[in-house]
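Protein chains in written order, with my numbering: chain A, 1 to 444; chain B, 1001 to 1453.
Hints in this document: simulated from the structure, not taken from any laboratory.
Think of the CB as a built atom: it goes at the ideal place given N, C-alpha and C, for glycine as much as any other residue.
Where hints are given, some of them may not hold.
[Unchecked claim] Derived DSS-like pairs: lysine-lysine, alpha-carbon spacing no greater than 27 Å straight-line:
id	chain 1	residue 1	chain 2	residue 2
1	A	Lys299	B	Lys1434
2	B	Lys1321	A	Lys339
3	A	Lys432	B	Lys1434
4	B	Lys1390	A	Lys339
5	B	Lys1426	A	Lys299
6	B	Lys1426	A	Lys439
7	B	Lys1422	A	Lys299
8	A	Lys432	B	Lys1304
9	B	Lys1304	A	Lys339
10	B	Lys1426	A	Lys339
[Unchecked claim] Simulated DEER-style distance windows between Cβ atoms:
id	chain 1	residue 1	chain 2	residue 2	range
11	A	Ile222	B	Leu1232	19 to 29 Å
12	A	Val213	B	Ala1425	26 to 36 Å
13	A	Asn114	B	Leu1232	46 to 56 Å
14	B	Ser1352	A	Glu118	51 to 61 Å
15	B	Gly1085	A	Glu303	38 to 48 Å
[Stated by the list, open to error] Far from chain A, some chain B residues (derived; all Cβ distances over 12 Å):
id	residue
16	Lys1045
17	Gly1243
18	Asp1331
19	His1337
20	Ser1340
21	Phe1391
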Amino acid sequence: MKIFALLAGFAIVSFAASGEAILIRNADVYPVTAAPMKGVSVLIQAGKIADIGAKIVPPKGVRVVEAKGLRVYPGMLDSGTELGLSEIGAVRETVDTGELGEFMPQLRALVAVNPESEHFPVVRVNGITSVMTFPSSGGGGRFGGGERQVIAGQAALIHTDGWTWEDMEINRSAALHLIFPTIAGRGGRGGGGPVPENVAEMFGVAGAGGYTVARRAYEQQISSLNDFFDDARKYQKARAANAPGFRRDLKFEAMIPVLERKVPVAISAARASTIHDALAFAEKQNIKVVILQPRELGKVAAELKARDIPIVFGRVLALPETEDSPYDEAFTLPAEAYKAGLKFAFGTFNNEFVRDLPYQAATAVAFGLPYDEALKAVTINPAEIWGASGQIGSVEKGKVADLVVTDGDPLEIQTQVKHLYIKGTEVTLANKQTRLFEKYMGRQ
Amino acid sequence: MKKALLAALVELAPVCAETIVIQNATVMTVAKGTFKGSIVVKDGKIAEVGEKVMVPQGATLIDAANQYVIPGIIDCHSHIAIDGGINESSISVSSMADVRDVLNPEDIAIYRALAGGVTTANILHGSANAIGGCTLPIKMRWGKDAEGLIFEGAMPGIKFALGENPKRAGNPPGGRGGAGTTVAPRYPATRMGIEDTIRQAFDEAKAYKQEWDAYNARVAQGEHPLPPRKDLKLEPLKEVLEGKRYVHAHCYRADEILMLIRVADDYGFKIRTFQHVLEGYKVAREIAAHGAGASTFSDWWSYKVEAFDAIPYNAALMTRKGVLVSLNSDDAELMRHLNSEAGKAMKYGGMSETEALAMVTLNPAKQLGLDNRVGSIEPGKDADLVIYDKFPLSGYAKVQKVLIDGTVYFDRDKEVSGRPAKQAAKQKLIDKEKQQQRPAPARRPTGQGGRAS
């Protein structure tokens, strides 16, 4: 009896009936796309934001959430994670980020998302309601697995709550992940600039034999990449013409939306020279591009601006790339992008730090980025970059009700999230960590 | 070229200790509350602290209006400023290795830590061994030589390590002892074996100590016996038994923490700090009863199995249960924002401002036995001070100035204004290299002093 009551209570808190009408009353609303509104209410109906205003006539049976003194923000979006694909970095069996094979556009992150991952409830506590989850290099996280990917697969834009991956899906094919080759190294996660010659020799990577050999290997890789895209284009033509002997190919099928510029290619490229080469490649192949994890901009800022290409910053709290770089190199990069007029978003690129997404944005503010731009870079900007701004990214009538109710500035560490709504449903703020906390606080 | 660049950096740094008065600041003393007022620094020490102070003649004034001053941050777990590898992983008891012998004062991580408000760090050996190498605290005196970094008079330490790392170190999958290798697997490979390794070592150390005690007793009686043979492996362990060396034990799971407490109880020594101690909250009562401190991460988790039950409430929960808690970095990057890491103890578990700030200042000072020297803003203590532009436990705060022993070692204004000159000097060197038509020197990888958790 007691257990039943407990379970019933839990069910109500965590998974309130989807589609329930909720009125968040008397809050300060920060829509992000418009000026803040003090002392207004937000009506949620059928999973959407039905109304925002001072005088909303609540429908019958509405659940009222008193929010005087609290603030309402759009849920935050982390533009670079492995959520759902990776549970424990060091345990290969729990990591599904990196498949074998160099050109693997047909792989879909979405189908490998584990909705029961302990990471989802943990990141929700800080107001993160959706994430981009990326297939990447390294089948065993940091500890081995496939490491030769160039095209790692399709990244998915997902909600951080749902019964199944279909439930969680916002866009199953939000981007194709391309890890751009670098000279004597790979331009993947964590920046990965050119590998020093001595290190290259030690590990037998392409750098052994000096710059000329490394340069040749790099050009070879770019050429293979172009060949792959050219082949995909031939396939596209053959398919359209229903040419004799045409046979379906899953890899090339996956490339068609990319060639049609319907799906952007998210290119990991850290150094300015790599970004420059990546942009030349994109131009040649006439594809839509987003640059991931740039570690320097310099002269390519103008190129990015001229071609209206957005970027996703990796961790702002990162060490400088070289020994003699300024200590705050990574802290000031978002402000540099802002001054250059670029559109950008933030990503954490490591499951352990997804919940710290707002604090990465705050660091950028400390080092020169205007506050409003930082807030946009975790809400409306990524929604626009990933083609979902019609649904999420701001508090606007008609959008999906992904809302965070806080007691203060969501980018500030001490701020607490009081309520969280995903697709209009109030989601529990309890997780593995709060449960362990309560359990062991009770130990006498 | 590297030398020249370092010299350029060094030039920017230390200005000789002088009499300094920091005025109009919000002073967060940690020990005696927070107030608006001034700090007088004289001969490298804090001379006076108060709402109104007498300004000594000829003193340099630092106007810190709208700014905050906190005690220098102390990182109780770092691997920066170590030349080469941090692990002597060939053996399971490597107590003969000492970090003191391999300090590298040119590690740029020192300057970067300084720019993040860190003034003192506990420099630890890695975690590949059940009993690791000897350790010591240093100050971030950028520009001094290795000797100059050492925190004079500080109690030395030794690193122990439990759990996955010492198990795995000698036994990587397919590595040592794997098919096709000639190297034998290294004992221990389980948590059981780790307990045994530590007990074996302390049995030896006890016997060794008895030999020395007997010898010293005879010398005291005026005899002239032959001294026992000195054993560099057992010497540090003898010091542990004598309370002359602190044990800093890397650990994760509750079972292994409890195991080490019981082993220490049996051999009559104390664990000074449990490091990482991510499941410390499960055995907080036992840790408190033993009198050990706990030095943990704010919210790092899930990177390996033994970190999967980590909770961001660990620091607050252990504090509530009577454990002396500090927050550490174990990482050259995280080290640069321990102030905001402390802010997380307010979010997760409701620590007060002072309780949270103490976790990166006074508490680690106590854990290292240095609270008579550093950790709070009180007259008589070393003038190790950090000036922030905003509330220091906020993610928006930025370090403006850092003083160590009353000397300004970091000044953001000077750092920023000095950049064009540094860039020009660098360009000149590059041009010279190009003229000589030598291949450009290879870039050095950054991230020295990275985490070894």
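For each hint, the structure was consulted:
no. : hint                                : result
1   : A:Lys299 with B:Lys1434             : holds, 22 Å
2   : B:Lys1321 with A:Lys339             : violated, 49 Å
3   : A:Lys432 with B:Lys1434             : violated, 58 Å
4   : B:Lys1390 with A:Lys339             : holds, 23 Å
5   : B:Lys1426 with A:Lys299             : holds, 19 Å
6   : B:Lys1426 with A:Lys439             : violated, 57 Å
7   : B:Lys1422 with A:Lys299             : holds, 20 Å
8   : A:Lys432 with B:Lys1304             : holds, 16 Å
9   : B:Lys1304 with A:Lys339             : violated, 40 Å
10  : B:Lys1426 with A:Lys339             : holds, 26 Å
11  : A:Ile222 with B:Leu1232: 19 to 29 Å : violated, 55 Å
12  : A:Val213 with B:Ala1425: 26 to 36 Å : holds, 32 Å
13  : A:Asn114 with B:Leu1232: 46 to 56 Å : holds, 51 Å
14  : B:Ser1352 with A:Glu118: 51 to 61 Å : violated, 30 Å
15  : B:Gly1085 with A:Glu303: 38 to 48 Å : holds, 41 Å
16  : Lys1045                             : holds, 28 Å
17  : Gly1243                             : holds, 31 Å
18  : Asp1331                             : violated, 9 Å
19  : His1337                             : violated, 6 Å
20  : Ser1340                             : violated, 6 Å
21  : Phe1391                             : violated, 9 Å
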